[in-house]
Structure formats: C-alpha cells, structure tokens
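Peer 1: The lines below spell out each chain.
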Amino acid sequence: MEKVLTRNIGVDQKPTDLKAYEANGGYQGLRKVMAGMSPQDCQAVISDSNLRGRGGAGFPTGMKWSFVPSDDKCTPGHKYLVCNADEMEPGTFKDRLLMECDPHQLIEGMILSAYTIGADISYIFIRGEYLLAIQRLRDALKECYASGLLGDNILGSGYSLNMYLHPSAGRYICGEETALINALEGKRANPRAKPPFPQVSGLWGRPTIVNNVETLCNIPHIIDRGADWFKTLGLGEDAGTKLFGVSGRVKNPGCWELPMGTPIREIIEQHAGGMRDGYQLKGFLPGGGSTDFLTTEHLDLAMDYNVIGAAGSRMGTGTMIILDDRTCPVGMVLNLIRFFAHESCGFCTPCRDGLPWSRQVLQDLEEGRGQPEDLETLSYQIKYIGAIGNTHCALAPGAMEPLQSALKYFYDDFKQHISSGRCPYH
Amino acid sequence: MSKSEMIQTDIGSVLTAEEIAEIDAELAHVPYKSGAAIDALKIVQANRGWVSDQCLQGIARHLDMSAEELEGVATFYNLIYRRPVGEKVILFCDSVSCWINGCDDIKDKISQTLGIDYGETTSDNSYTLLPVPCLGACDRAPVMMVGDDLVTHIDHEMVQQLFASAEQGSAE
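Sequences listed follow chains A and B, in order. Take the first sequence: its letters are residues 87 to 512, numbered as in this note's numbering. Take the second sequence: its letters are residues 470 to 641, numbered as in this note's numbering.
Just chain B, same shape as in the assembly (with noise of 0.2 Å):
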C-alpha cells in the first residue's frame, strides 16, 4: 500500500459495526489490545473474504498497531488472505501421504479443468486454488478442501463432478 493511502484511510468507514464488536469481545480476554491481531484479522476476513490495505489500516488503529506491524503478522498465516480471493478457495494437500498417494496428478487435473494455477482465482470468481500443509485425513489420502467442505478420496472423476461447471481461466 502506499503511505498516503494509509494516511488517508478513515477508520470509521472501513470497519463495520458489527466487525468492531466482534473484535472487541476478543479484546476482553487479552490483556493488550493487539493480542487479538490474529483474531481481529480472520473477524474481518470472515466477513469480506480478505483483507484489504483500507481494513487491515482500520484494524490496526482500532488495535493500537502500526499498520506495518499488522502487516508482518497478516502475511505470515497462510490462512490471512491479503489479495481476493474467489467465493471457494481449495485448499490442496500437496504433503506427503497425499503426494504417496497420485495428488501432484489430481493437482494437475483441477488446474486443467479450472484453467489456473495455484494462486489463481477464475474467471467467474468462483474458485481460487492454493495448496495447504497436510490436513490431517491421510487415511483418506488424497485430500483437499473446497470452501468448508473437507473432500477426500479425490479422483479424476470427482475433479470433473466438481469444477466441470465452473468457468475455466484465470481472472488475471
């Protein structure tokens, strides 16, 4: 971001009522204010699908942080989004009893059948694709998530069940 974009941000306009009271129940059980960084950020991110410059600015103020303090904690969690992202994001396991068991195959097919990489979002907006460590179901090998959904046994014809719909190429 640019500092006179940071400059000029108006807090009051860019968090939502109801995101400054989520953030502030957090706020009751830490004894400082950007204790609750990590929370504030997924409150607001829940509720627009990313964090924007404008928001993570308004979160910091609202936490007393610096906006570049915020910053280094937002881009650390994989799980913080600082670019949009589509209405689903998949979250591919590319670790190793997924690997054992054929994902970088899968992995290819939904990049074909979306028309995007990982870090990609399609056309349509519907899906971005990013990997994510081992999710913890490697008895159900290969695994990835799809929004909140956790699926498993992934195979060809499941990708094409899935995504067949979806408008393929990347946005960018």
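Here chain A stands alone, though its shape is the one from the complex (with noise of 0.2 Å):
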C-alpha cells in the first residue's frame, strides 16, 4: 500500500524539517491552490472526496465546512480553524505520532483548511504534555513564517493567515470542541449548549471549525492528488487511509497507516504480531476508551465507520486497546469509568454524580462487596447517564459504551464477582 499520511516517517522516527518536507512534494497542494483554485474549488474537492473526521466522531468534513456561512452571510470580522490536537482518549497515540516527525503535513492541511472556509486566524490547540510535539511545530511554523508560507500574504497570493500554538492545561474534556473553545478564550472547559454550532458561533462568537490533527493531514494530499484518487485508497464504503493502533497484551504494539476498511484481525494478528505468549483475545475496544466492547466473533469486520457502526460500536479514534483472558474485565471498565467521573467537568448531573456512582457500584464487585442488585444498578446507570440528550454532552454517553457492552460480553464475568465474593482474576 502506498503510504500517505506517514510518507515522511521513517522507521526512526525523525522529524521532517520544511526542506525534506518540501523536497518529498510537500506544500506542492497549497501552491497549486495560491496559483488559483478558488475556496469553492477546494471545498468541492473535500466534499467529494467522503473524507471523515478522524477525532472520533467521523462526520463528513467537507459538510461541516459547507456550514460555515460565506462573508455575505454574515456580519465582518474573523473566522477561525483550530485544529484540535488534544489527544487524550484512553487508548489513543496517534495524533502524537504525525505532529512529532511529520509538523509540516499538519499546518499545510490547516492553511489550506483555514483558506477554505475563508479563515484569517488558526490556532493548533495541542494537549501540554505533548512537550516534543510542541517544540517540532513551533519550530516549524518559525519555518513557515520565514518563507512566505504563513503571514501576510501567502505565496503572492493575497490570502493571509496567522497562525498560533496553544498549549493546553489539560484535562480530557477539552477534546470536546465547544469545550475546547473556551479553554481558548480562557475559560472553565464546560462544553457549550448547541445550537449555535461551532460553524455559525464558535470562537469569540465567530464562525470556527475545529478538525482533528488526523483529519487536517488528509488535506494536502486529497487537495493534490484530487477525491477520486483519495476514494481509491479505501477497501469499503470508507475513503482514504487511516492510522490504526494496537494497545495491550500484544507482541508487537505500534500504529500503522493502513487502508480504510482493513479488517481487525489483519490489524491485530499481522500488525499487531497477535498475542503475547500465553495470553488470549477475549475482547477489544475498536476506537480507544469511549468505543463498546467488541469480542473474537467480529474479528474478520472491516474497519468502516458503518460496519464498525453496525456491529454496536463505533471506529472512534482507531486504536483498539485488547482485553486478554487474564485481565479482570470489571477491573478494566472500573478504570475507564473512573477516568471519565474524574474527568467530568462537573456540569451536568448525569455526569457528574452518575458516573462515581458507576465507579462505586464497579469498585465494590471488584473488591469482592458486591451485591446481587448491583447489576441491575448498573444497567439502570447506562440507561439514564447513557441516553443522548441526558447530559449536556457526551462525555457520559461515552463513559458508559465499555460498560454497556462489559455487561452484554462479558456478563458471567460480573456475576462471578458476586457469586465467589471476590475478584476472579487476583
């Protein structure tokens, strides 16, 4: 397969500085599009292309920019593109990987992001412990500013565009768009009450689309290469590559660029080098903490957002972390639930006294004071803190995926906690 996103890193890992970046084509889509294609252009080409958000979510990028009203439609004054590089979904490391050896590919997507939906100001919000991808992209946007490429002006073309990094202070909830929003005017990161969306009133109250570091990567080579080309690159319904993980017991834990459609079991068994000696696949997260339990029979899906979709989960992030036959499955939901209660902002009931309820219901069968009720207690959390539209956003929804789908799988698991008094595993 013919490596896109990762084309620059090698096996070592080094970062990619503006001249080996430019002498392997880089910033050969944006000088194509400051000679001459419109924003209506590009934005043709995206939407075409069935690119999805890679943070997650998977919505069509080119359809959350085509909701960002033209300059005729609204009032004079800034629009924003901010790319969110707030990496923080347990599980989940490959943002880190593109902005450590590859910053260039990054901040090329987002100029010709922010040029498209007629943005003058951008900002890469990236998480702070993130210290060596901070330091590779300042300096590459030192790079940036030195040669015309950012600034006043880009390339002759009369387009101009600043660009600023934003490192965060942490916590989880800032990957939530609204919420990261006002960490960056300065605030609490409670997410926002939409509508208004982000596209019409984000930043400062000013049209802002915020996109994933994955996703702004994908631009320059769909923008060069066109949406036909990107649409080949997928094995199903899905276009494009996309960076799978594997995390947990395995031989070989890493992130490879791969196809869009792969199968999991490639993933897991060929990439992934399979188990570790002496221990089983019993279950997987597909797309990092928030994504339900999926188990040995879905091995051979495909990984598309819909198949995944389809088969209860969701692709989330793509990197699956693996449950292995000697790993308490009460213990690993009790982790995650407790990062999310930890992580919740607070705002919302659901969540913020829901989910250390679930970590205290979780904690007494894994510690062996686990009561018949329990389970029952359980399934009426998922439906009251699980249900959209509960909570103000969804961070608990999230939270209770593993959860749900730990019950549904792994059922005799629980009740043994019960029945012996103790945790099975210890």
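Heads up, a few of these hints could be off.
[To be verified] Calculated pairs, DSSO-like style, for lysine-lysine (alpha carbon to alpha carbon, straight line, at most 30 Å):
(1) A:Lys-118 <-> A:Lys-228
(2) B:Lys-557 <-> A:Lys-100
(3) B:Lys-502 <-> A:Lys-280
No wet-lab data here; the hints were simulated from the structure.
Assemble the dimeric complex from its two separately framed chains, guided by the hints.
Peer 2: Quick look at the structure:
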C-alpha cells in the first residue's frame, strides 16, 4: 500500500523539516491552490472525497465546512480554524506521531482548510504534555513564517493567515469542540449548549471549524491528488487511509497507516503480531476508551465507520485496546469509568454524580463487596446516563459504552465477582 | 486565600517585568484580556513552578478579572499547580492501556521508593507524584513523564535507577 499520511515518517521517527518536507512533494497542494484554486473549488474537492473526521465522531469533513456562512451571510470579522490536537482518549496514540514526525503536513493541511472556509486566524490546541510535538511544531511554524508560507500575502496570493500554538493546561473534556473553544477563550472548559454550532458561532462568537490532527493531515493530499484518487485508497465504503493502533498484551503494540476498511484480524494478528505468549484475546475496544467492546466474533469485520457501527460499537479514533483472558473485564471497565468520572467537567448531574456512582458500584464488585442487585443498578445507570439528551455533552454517554458492552459480553464475569465475593482474576 | 491577603497584595511587586511582557504578548491576539488567562497562568508557573495566591491575584488584576474568576479557571485544569511542587513533577499514567500492562504495581514501587503517594512531594523537594490521563504512548506502556521527559516501558529496575538517589519521605 502507498503510504500517504506517514510517507515522511521512517522507522527512526526523525522529524521532517521544511526542506525535507518540500523535497518529498510537500506544500505542492498549497502552491497549486494559491496559484489559482478558489475556496469553492477546494470545498468541492473535500466534499467529493468522502473524508470523515478522524477524531472519533466520523462526521463528513466537507459537510462540516459547508456550514460556515460565506462572507455575505455573516457580519464582518474573523473566522477561525482550530486544530484539535488534544489527544487524550484512553488508548489513543496516533496524533502524537503525526505531529512529532511530520509537523509541516499538519500545517499545510491547516492553511488549506483555513483558506477554504475563509479563516484568517488559526490555532493548534495541543495537549500540554506533548512537549516534543510542541517544540517541533513551534520550529516548523517559524520556518513557515520565514518562508512566506504563513503570515501576510501567502506565496503572493493575497491570502493572509496567522497560526498560533496553544499548549493546553490539561483535562480530557477539552477534546470536546465547544469545551475546547471555551478553553481557548481562557475559561473553564465546560462544553457549550448546541445550537448554535461552532461553524456559526464558535471562538469569540465567530464562525469556527474545529478539526482533528489526522483529518487535517489528509487535506494536502486530497487537494493535490484529487477526490477520486482518495476514494480508491479505502478497501470498503470509506475513503482514504487511517492510522490504526493496537495496545494491550499483544506482541508488537504500535500504530500503522493502513487502508480504511482493513479487517480487524489483519490489524491485530499481522501488524500487532497477535497475542503475547500465554494470553488469549477476549475482547477489544475498537477505537479508544469510549467505544463499545467487540469480541472474537467480530475479528473479520472491516474497520469502516458504518461496519463497526452496525456491530454495536464505534470506530472512534481507530486505536484498539485489547482485553486478554488474564485481565479482569470488571477491573478494566472500573479503570475506564474512574477516568471518565474524574474527567467530568461537573456541569450536568448525570455525569457529575452518575459516573462516580457507577465507579463505586464497580469498585465494590471488583473488591468483593458486590451484591446481586448491583447489576440492575448498573443497567439503570446505563439507561439514564447513557441516553443522548440526558447529558450536556457526549462524555457520560461515551463512558457508558464500554460498561454496557462489558455487561453484555462478559456478564458471567460480573456474576462471578458477586457469587464468589472476590475478583476471580486476582 | 483570606480576604485581607487579597486586598493587600500589591501587583507591582508580584509579577516580574518579564512575566508581564510575556503575558502582554499573548494579549495581542485575544479580543478580551481574560482570553489570555490560561496562558498567563502557564507563564507564571513556568517561571516559578506553581501559582501562589499572590501571583493569582496579580495575574487577575493584570487581566481585569476577579481573583475568584481566575481561581475558577486555575483549579479546573490539572496542569496548573495551585500548591508548590517539587523540582520535577512525575505525571504517572494510570489509564487503561498502562493499567493492563501493570501500572498499579509500578505506581506502588514508585511510592515505596520515594515514600510519597499521589499529591505528595519528597522531603528533599525533588519530586511530586501526580496521576495523569492517558499520555498517548500506549504502545510503550507503562509510561510516565518525569519533568519534561517521557519515560516508557517502565519496570521495577527502571524505577530503582531513576529514583533511588532521591530522599525518601513526604515533605508534609
């Protein structure tokens, strides 16, 4: 397979500077656009390409952009493009690689995206712990300003864009796009009510697009080589390539660029090398900590948004976490729910008070204090915390996904914790 | 902080000229001063290790915010420290992939070696131990950050090598 997103990333994972990036075809898409493609042309290519957001929700990128009002339909002022580089979904480690090893690919994608939606200011909202990525992006931004790729009158086109790096001060909820916007405004990162959606009223009340790192990294290639080329990359109905990852007790945990629609079995058995000796695969979260468990019966499914959705889970970030036969499913879910309870912004009751309650029930089960009625309590919590519309944002419903599917697939494990009064895995 | 402390604080003597210059550079691209609140907290913390009540008060005045509003922002974010920390902060990942790979046991080993639990600082002020959400290096689990360095594939031996020279015991 032809490498697209990782074509500049070697096994040594050395960063690509401006010279090396351009030598390998970098900024060709930008030069092509600045020489005579209109924002409408770019919008049409991205809409045609069937690119879907790589941050977890899988929303069509072209459609998201199309909701930004044109200049004649909104009051004069700034428009913003924001890169969501706040990678913090448990088990997700793909954006780090793209930013550390090929920062210019992201920047080029951002310039093209900003041009398309008519933004004049852009931000990279990056998690504060990603110090190496911060340093390399900072260096790359300097190179761009020095070479006329950012700032006033980019490449003599008359288009101007400033780009700022905003290292975050923490908290998982900042990955939610309206919470991220509040954090960029210097506020507590509580998500906002929608509507209005950020495309209409986002940062400082102005039209704003928030896109994930990997989504934006796709843009230069689609612009340069066209929507039809991009669609041929996927094996199934979804277009392009994707960074897929595997962590847990596999022989070769890692992150690889593969065609969209690659079968799960190939990713786990071939690329991740299968399970470590002495361990068997019991289940897996297909796309990060807030996706439903799948099990061995799903190994031959393709990693496509709708295929994984039809199986009762979500492709999420595409980075799988493996549950092996010697790891307690109740303990694993407890770890996840503890995380989500801790990361609740505290704004709405089902999340702020419901998640700690779930954590407490799970902790009682794991520590041998479980009662038969606890499983009913968990089902009740899943029903009310997990329902979209009961909470202010998707954090708590996301937290319920691994819990509800663990109860479905590993029900006997939960029962055994109660009947034997201890965790059978310890 | 007590009310009298807040009123008596003189901003001129709190923030350094360099800190103010750095904060003002951030103000250049936000439409309202409070928009630079997090940047300002991070600037002061980078300089001093943490954000004291006096500094918080100084930043708030500089940004035309109330101290209470800025405190609400500062305490929301886990990387803003409102209490003193040691020379290096250990951000220990306790999320799911590290947990599967035995991070609970590694955390016990660190606590035992340094004599501190989460939220505590060693008596020689060299380390503060804090939990952190997934560090995005799950293929190299278990992982942690020690100061600015990402430490991967942590095992008992590595903990011993890293921390054996630090003085044992909590400062509090």
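Peer 1: State the violated hints by number, sorted upward, taking the hints as numbered earlier in the document.
Peer 2: none
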